[in-house]
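> The residues making up each chain are set out below.
There are 2 protein chains.
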Amino acid sequence: MKTLAALTLAAAALTFCAPAAAQFAKTEDAIKYRQSALFVMGQHFGRLGAMATGRMPFDAKVAQDNAALLAQLAKLPWPAFSAGTDKGAPTKARPEVWAEPAKFKEHAEKMQAETVKLAAAAQTGSLDSLKAAFGATADSCKSCHDSFRAK
Amino acid sequence: MKTLAALTLAAAALTFCAPAAAQFAKTEDAIKYRQSALFVMGQHFGRLGAMATGRMPFDAKVAQDNAALLAQLAKLPWPAFSAGTDKGAPTKARPEVWAEPAKFKEHAEKMQAETVKLAAAAQTGSLDSLKAAFGATADSCKSCHDSFRAK
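Taken in sequence, the protein lines are chains A and P. All residue numbers for the first sequence refer to our numbering, where the first residue is 35 and numbers rise by one. All residue numbers for the second sequence refer to our numbering, where the first residue is 35 and numbers rise by one.
If we strip away everything but chain A, and leave its shape as in the complex, we get (with noise of 0.2 Å):
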């Protein structure tokens, strides 16, 4: 059981990781792509979180314009990840990335998950569907940070 429970989740990890070897040049290009991505995102998230904690007026096409890229951009940072980004540059990512594989896809795949419900609800119009969506995608984002995110 532990010979198999250890295959899948190299197999977990080879379909999460495999991609991303061929996709930058240089360690360090991988760990700014993520680190960028994620900016950009907190970015867009940031302006869905004034307007659904009222630091903003609530404008149903901004916060559709806002949740639709980032529901897209949510999707990037993952390939990035790859074995042997833990170091090259600066990062705050803490070696449970890649000592953990299967549990860090299962936040990243829950936070994708969370920002296409925050598309959808901000689609509405509804100010109340976005103030829901929106909490839930920050716990879902808070809640990988803890784990996987130093201080």
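These are calculated hints, taken from the structure and not from any lab test. Heads up, some of the hints might be wrong.
Same chains, same label: a pair holds when it works inside one copy or across any pair of copies.
Here are the simulated lysine-lysine pairs, DSS-like style, with alpha carbons at most 30 Å apart [said to hold, decoys possible]:
| no. | residue 1 | residue 2 |
| --- | --- | --- |
| 1 | K151 | K60 |
| 2 | K60 | K165 |
| 3 | K121 | K139 |
| 4 | K185 | K95 |
| 5 | K95 | K60 |
| 6 | K165 | K121 |
| 7 | K95 | K165 |
| 8 | K126 | K176 |
| 9 | K139 | K151 |
| 10 | K121 | K151 |
| 11 | K95 | K126 |
| 12 | K144 | K109 |
The structure presented is a predicted model; accordingly, all values stated were derived computationally and were not measured.
For this one, chain A is given, so just place chain P on it according to the hints.
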């Protein structure tokens, strides 16, 4: 005539920069945002370039995905070149970005238009079409960098 030209320019600059002011909490966020978006674009453009120049085997689906994403990302950086973001964090953006906003806008729009054509070319599945559109897009990047980015 000079006053009219100046007003037209000012109006163009305002239209170009106005949405940005409210979008970024801090100057350094705007600078980091545009650098991040352009870096992510550069990576995806680089993959298209690798296929266009034969350094990577041509894969029509991969080319389509990268080009479609690039055309979306190409819309992002420009509001982050808002007034007052010429300093506040390390930036290669030259003062001309803010001194010649109409010219900068023209370059930015040219690049966006080329990425749309590139996405359409990738959609055809023809490597020759991809090569031609890649070259035109690369020219639009270089032309803007030559005028507006420090060496």
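> With identical chains treated as interchangeable, where does the CA-CA distance between K60 and K165 reach 30 Å or less: within a copy, between copies, both, or neither?
between (40 Å within a copy, 24 Å between copies)
> When no copy is specified for K95 and K165, does a C-alpha distance of 30 Å or less occur within a copy, between copies, both, or neither?
within (15 Å within a copy, 36 Å between copies)
> Checking an output row: K95 and K60, CA cutoff 30 Å. Within, between, both or neither?
between (39 Å within a copy, 23 Å between copies)
> State whether the alpha carbon distance between K144 and K109 is at most 30 Å within one copy, between copies, both, or neither.
both (11 Å within a copy, 27 Å between copies)
> Checking an output row: K126 and K176, CA cutoff 30 Å. Within, between, both or neither?
For K126 and K176, the Cα distance is within 30 Å only inside one copy (14 Å; across copies 33 Å).
> Between copies, within a copy, both or neither: which fits K151 and K60 at Cα up to 30 Å?
Answer is between: at 29 Å across copies they meet the 30 Å cutoff, but 34 Å inside does not.
> Tell me, please, which holds for K121 and K139 at an alpha-carbon limit of 30 Å: within, between, both or neither?
within (19 Å within a copy, 38 Å between copies)
> Using 30 Å as the alpha carbon limit, work out where K139 and K151 are close: within a copy, between copies, both or neither.
within (18 Å within a copy, 35 Å between copies)
> Are the CA atoms of K95 and K126 at most 30 Å apart within a copy, between copies, both, or neither?
neither (34 Å within a copy, 33 Å between copies)
> Since the copies are identical, ignore which copy is meant and state whether K185 and K95 lie within 30 Å (CA to CA) inside a copy, between copies, both or neither.
Neither: 35 Å inside a copy, 39 Å across copies.
> Please work out whether the CA atoms of K165 and K121 approach to 30 Å or closer within one copy, between two copies, in both situations, or in neither?
Neither way: K165 and K121 sit 37 Å apart in one copy and 35 Å across, limit 30 Å.
> Check K121 against K151 for me: Cα-Cα at most 30 Å, and say if that holds within a copy, between copies, both or neither.
Neither, since 33 Å and 37 Å both go past 30 Å.
Comparing the model with each numbered hint stated earlier shows that hints 4, 6, 10 and 11 do not hold.
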